[in-house]
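Trainee: For chain A, the structure is supplied; the task is to place chain B on it using the hints.
Here the protein sequences come in this chain order: A and B. With my numbering applied, the first sequence covers 67 to 181. With my numbering applied, the second sequence covers 880 to 1213.
Each hint should be verified, as a subset may be incorrect.
Claimed, not checked - EDC-like cross-link-like pairs, simulated, lysine to aspartate or glutamate; straight-line CA separation at most 20 angstroms: (1) B:K1196 to B:D1143; (2) A:K143 to B:E932; (3) B:K939 to A:E118; (4) A:K143 to B:E884; (5) A:K153 to A:E118; (6) A:K107 to A:E118; (7) B:K1123 to B:D1039; (8) B:K899 to A:E129; (9) A:K107 to B:E919; (10) B:K1139 to B:D1197; (11) A:K107 to B:D915; (12) B:K899 to A:E118; (13) A:K143 to B:D1143; (14) A:K107 to B:E932; (15) A:K143 to B:E918; (16) B:K939 to A:D98; (17) A:K143 to B:D1197; (18) B:K899 to B:E941; (19) A:K107 to B:E918; (20) B:K899 to A:E137; (21) A:K107 to B:E912; (22) A:K107 to B:D920; (23) A:K143 to B:D915.
Stated by the list, open to error - A few chain A residues facing chain B, derived, Cβ under 10 angstroms: (24) T73; (25) F76; (26) L79; (27) R80; (28) T104; (29) E118; (30) Y122; (31) W138; (32) E142; (33) N145; (34) R147; (35) R150; (36) S152.
As the list claims (entries may be wrong) - Computed far set for chain A versus chain B, every beta-carbon distance over 10 angstroms: (37) D77; (38) L88; (39) L93; (40) I116.
Source of the hints: derived by calculation from the structure; they are not laboratory data. We put the beta carbon where it would ideally sit given N, CA and C, even for glycine.
Okay, here's what each chain looks like letter by letter:
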Amino acid sequence: METTSETGMFDSLRLELRRGCLILAVLAQLRDEHYGYTLRKALADEGLAIEESTLYPLLRRLETQGLLTSEWREEEKRNKRFYRLSKDGEAVLELLLAEWNGINESLHKILKHEK
Amino acid sequence: MDLLERYLQAVGQYLPAETKADTIAELRSNLMEQIDAREEDLGRSLTAAELGEILRAHGKPEAVALRYLPQRSLIGPTVFPFYTLTLGRVLPLVVFVSLLAKGIQFATSGDESLAHALGSFAVGVWSSLLLSAAIITAIFAGIEWSAQCGKLGMKWNEWDPAKLPPVRSHTAPDNSPKSMAKRLIDLSIHSLWFAYLLWVPWHPFWIMGPGVFYFDSLGVALAPVWHPFYVLLLTQLTVQLVMKLLAFVTAGQTWLQVMKLVADLLSVFAIGLLAMASTYFVPANAHADLHRIAVVNHSVNLAFRIALVIVVAGLVKDGWDYAKRSKPTRQLAF
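Excised from the complex, chain A in its bound form (with noise of 0.2 angstroms):
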């Protein structure tokens, strides 16, 4: 039986794997320009959601650090926030998919015999 501290330990450790690889997510869909509810919602239809305490700060960081830009524009009679993958976004959105392929090819490698 799967006592609370395991359950707890598999929680953070669950969180750390997925920390890295939601950066990736968020800047791999924002190639399309989104505003922080469509872009939740995109991300979830993907089968990778996200709880929206967690997105939208990480949106602003994301256009703090220079990788988003972000406009305020009218749609459906609503003022929405758009972000979108700057160029600086781009090129670096482009490392990390290379890093991330060589991380998934090296795992297979390792994990050949795990089902």
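Mentor: Here is chain B on its own, set in the frame of chain A:
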């Protein structure tokens, strides 16, 4: 929508003024989208309870606001191990230096009681520790700030393997037990010493020899403080006698260090008792020289204060040795 505005206002309380309006506007926009989508699914307006559920899922206002703030830490993960290492090395040193300074002050002042000295040390050492910790924290916060600003650059992690100290030759400590002959001699000498101390109170000649006649001629007698001191001394010798006997039993080795500490503690109590007293000799008759007795009492008191500092230092050293031996040796994880 009053609930939404109250929620946004609560979040806004924790946001910095320069980004507050922008962040709140974005949060409002996203939450409104979510509410609209939910209403579209249900085909009706949300009840207050349903709106409350959306806001609850979004997060507690303080927690939501905190996520928008830049990550702040006085000392970051790179510098933190060096910070704790420095604290671990400096703070025991502060305690030792404070103890030494207080001991010297106590031994030389002559008119400070032991209880007062211990009390002022206990109070003073905390302020010294807090001040030292604050200074170290400030220095490391400065280092962290410099590293964050790029002023230290990569120098923090630069090091030269060639400058590592040479490998020390590890000579194993001699923990081998004494030989049987040595243990027997040790026990015999201690037993004789014990018997002598039991014998002398009724035969003072065996303490000072012919000097006892001179002592009698001065017209002085021993003060009552020597009685509890004598009892403590005998207790300490009894503990040491048990230690000498345990030395013959292999199973008793683990208790030797503990008993040594107990014996040291009894020494501190015995010498402390004498250091706290101010009268060691009292006039035995009306012809005694009171001025000379007062001078002798003062000198003896000073000597016992110095002795107390020495036995306390011995106790601290033995305690440190015991703690080091009790501590399990670190093992590599792999």
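Trainee: Please go over all the hints and tell whether each is borne out by the structure.
Mentor: Checked hints:
no., hint, verdict
1, B:K1196 to B:D1143, "holds, 10 angstroms"
2, A:K143 to B:E932, "violated, 26 angstroms"
3, B:K939 to A:E118, "holds, 12 angstroms"
4, A:K143 to B:E884, "holds, 19 angstroms"
5, A:K153 to A:E118, "violated, 26 angstroms"
6, A:K107 to A:E118, "holds, 10 angstroms"
7, B:K1123 to B:D1039, "violated, 52 angstroms"
8, B:K899 to A:E129, "holds, 16 angstroms"
9, A:K107 to B:E919, "holds, 15 angstroms"
10, B:K1139 to B:D1197, "holds, 8 angstroms"
11, A:K107 to B:D915, "holds, 14 angstroms"
12, B:K899 to A:E118, "holds, 18 angstroms"
13, A:K143 to B:D1143, "violated, 85 angstroms"
14, A:K107 to B:E932, "holds, 19 angstroms"
15, A:K143 to B:E918, "holds, 17 angstroms"
16, B:K939 to A:D98, "violated, 31 angstroms"
17, A:K143 to B:D1197, "violated, 80 angstroms"
18, B:K899 to B:E941, "holds, 13 angstroms"
19, A:K107 to B:E918, "holds, 16 angstroms"
20, B:K899 to A:E137, "holds, 17 angstroms"
21, A:K107 to B:E912, "holds, 11 angstroms"
22, A:K107 to B:D920, "holds, 15 angstroms"
23, A:K143 to B:D915, "holds, 13 angstroms"
24, T73, "violated, 21 angstroms"
25, F76, "violated, 21 angstroms"
26, L79, "violated, 17 angstroms"
27, R80, "violated, 19 angstroms"
28, T104, "holds, 8 angstroms"
29, E118, "holds, 5 angstroms"
30, Y122, "holds, 6 angstroms"
31, W138, "holds, 8 angstroms"
32, E142, "holds, 9 angstroms"
33, N145, "holds, 6 angstroms"
34, R147, "holds, 5 angstroms"
35, R150, "violated, 15 angstroms"
36, S152, "violated, 18 angstroms"
37, D77, "holds, 17 angstroms"
38, L88, "holds, 14 angstroms"
39, L93, "holds, 19 angstroms"
40, I116, "holds, 12 angstroms"
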